[in-house]
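Visitor: Just so you know, the protein sequences line up as chains A and B, in that order. Under the numbering used here, the first residue of the first sequence carries the number 4, and numbering increases by one thereafter. Under the numbering used here, the first residue of the second sequence carries the number 56, and numbering increases by one thereafter.
Hints were generated in silico from the structure; no laboratory data involved. In this text the structure is predicted, and so the values were computed from the model without any measurement. Where a beta carbon is used, it is the ideal one built from N, C-alpha and C, also for glycine. Keep in mind that a hint or two might mislead.
From the structure, some residues in chain B lie toward chain A, with a derived Cβ separation under 10 Å [unchecked claim]:
| # | residue |
| --- | --- |
| 1 | 129 |
| 2 | 136 |
| 3 | 138 |
| 4 | 141 |
| 5 | 155 |
| 6 | 184 |
| 7 | 185 |
| 8 | 187 |
| 9 | 300 |
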Amino acid sequence: MSAMTVAAPGVRVLGVEVAEGLRAILREPTALFFSVLFPVGFFAMFVSLFGNQPAPSGLPVAATMLATYGTYGVVSVMLMNPGIRTAEDRTTGWMRVKKVSGAPVGATIGAKVIAALPYALLVMAALVAVTAAVAGPVLGIGTILRLVAVLLLGGLPFALISLAVGFVASPNAAAAILNAVLFPMVIASGLWFPLDYMPAFIQNVAPFLPTYHLSQLALAQLTGADATANVLALLVTTAVAGALAGWAYRNLRV
Amino acid sequence: MDEVLRIAGVHHRYGLVQALSGVELDVTPGECVALLGPNGAGKSTLIGLATGLLAVQEGEVRVCGADPRRAATRRHLGVVQQSMGLPRTLKVGELVRGAAARAGRAASAAGPVLAEVGITELAGRRSGKLSGGQRQRVALAMALVGEPDLLLLDEPTTGLDVTARRAFWRTITARRDAGVGIVLTTHIVEEAAAVADRVVILHGGRVVAVDTPAALSALLPDRTISARTGLDDVALRAFDGVLSVRRDGDRVRVATAVPETVLRAWLSADDTLTDLRVEGAGLEQAMFALTGEDIPGHDEKTEVSA
C-alpha cells in the first residue's frame, strides 16, 4: 500500500459524490429554478387569496398553508429530482462508472439524497419569503426553522423512493412514474385542499400515505400536537424506501 | 500475489440464452490477456462478471482473491469502457480526483496520473467540452489513479486516432511491465497481437483457444497476399485457391492456402499489379478459422506500437 493510500473511503466518497451533485446544480441551475417555480407560484396564488383568513386551529391560514404547501413543495422536489437525475446517469453511462468503482452502495445513495436537499431548502426559503410578503410575520423564527428542519428530514424517504424508480426506469419513464406517484399522494393527503373538503374515501385513504404523515408532522410544529404516530410512519417509510433503493442499486442493469 | 483474476467453471444465462459455458481464465500480475471473438461470443458478459456488474450464477469469479461484487474488492480494479459517460458539468481534474477517492487514494494522486496520460492541460476543462479521444484519455486516467492490480479494458481505443492509440498502449504496457494484470477486449486484432501475452478466443460462450498470438497465428498454414491492383474483388475471388478477399485502403489482401497457384493466375491476368507481398496468416485469420465468424469492424485500419 503506497503513501498515497488513505483511509476507507465510505465517508470520503460520500463527500465527493455530494460535492459532484452540488456542482451539477450550481453549474447548471436551470433545473433548480424550474423545480421550485411551480410549487412556489402555486403557493403564492393561494396564500394571497386565503392567507389572511383564520384556520380552524386558530392560526392564520397562511401559517397552516406554509406547512401543507411546504410539504408539497419539499416532496415534489425530493421525489422528482434524484430519480430523474439517476435515470439520466444510467442512460449516459455515468452510473456504470460508479458501479464498477470502489464506491460503497450507501455512499452513492446517500449522496444522491443529500444532493436533493438544496432544492428543498430553496423551496422552503421561497415559501417563507412569500408568506412574509403576503401575510406578514405569521410564525416566529424558531417555529419556521423547526418547520423547515422537519420538512427537510421528512423529505428524505421521498428521495429514496425517487432513487428506487431512477435505478430501474428510463428518464422519461421515471418522470412519468414519479408524477403518477406524486400528484395522487399530494391531493389525497390534503396538501392542496384541506381534507375536510375531500370525499370520504379520500379521507380514509390519507392515513396510509407518507405525505399525509409528513404534513401532520409539519402542522404539529405549529400547533404542538402529538406527532409520534406520524414520525413512526415516516420512519417505516424511510426503512422500506431505503431497502428498496438499495436492492434496486445492487441489481442495477447499466 | 497469485492470480489477479480467476474465472473458474463459469456458466451464465440470460433467460434462454446461454452466454457463457464453463469458462476458465486466470490472469497473473504483469500479464496482458486479450479476449477475442465475434459479437455474442461472451466477452461483455465476462467483463460484466469481472467488474461485479453481473452476479455469478454458476462457477467462481475472484479479483485479487475476493468477490468483485464487494466495493472493497473493486478498489483493486481499473476499468476503461468503450464509451464512458462522464457528467458534462464536472471538470477533468474533479473527475480524476473523484475516481481517486472511490479507489481509496488521496486526491493528490490525480496530478501524476494526469501527467502520465498527457492531459494535465485539460484538468480545468468540463468533460462536456472534450473530444471523444480526450474523454477516453480521461477514462484511462480515472482507471489508473487508483493504482489498480487489474485493468479491464473494454474496446478502449475506440475513437482514438493513431497517435493517441500509440500513447494509450505505451501507458498500458508500462503498467503491465510494472506488474498490473490486464484483460483487454478489442475488435482491432492487430492491437491484441501487439500487446497481449495470451489471446483467449471465445465463441458461443465457450473458450475455443488460448495461446500466445504467435502460436495461434501459426495454427494456420494459410498465407496472405497483399498488393495494389486494378482488379475488382469478383475477379480476384475467381482465381483457384482464393479463400477470402479484403480491402485495406488502396491495398487488397487475399488469403490462400496455395499462394503459388494464386500468384501465377494473378500475375498473368493483371498488368496493374504492384507492391506485392506474401505474409503468413495472422491472428485474424486464425480467429476466423476457429470461430467461423469474422470480428466486427476488422477492416478498421490501425497502427500499434507497444
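Visitor: All hints, please: hold or fail.
Guide: Against the structure, the hints come out as follows:
{"no.": "1", "hint": "129", "result": "5 Å, holds"}
{"no.": "2", "hint": "136", "result": "7 Å, holds"}
{"no.": "3", "hint": "138", "result": "6 Å, holds"}
{"no.": "4", "hint": "141", "result": "7 Å, holds"}
{"no.": "5", "hint": "155", "result": "8 Å, holds"}
{"no.": "6", "hint": "184", "result": "12 Å, violated"}
{"no.": "7", "hint": "185", "result": "14 Å, violated"}
{"no.": "8", "hint": "187", "result": "13 Å, violated"}
{"no.": "9", "hint": "300", "result": "38 Å, violated"}
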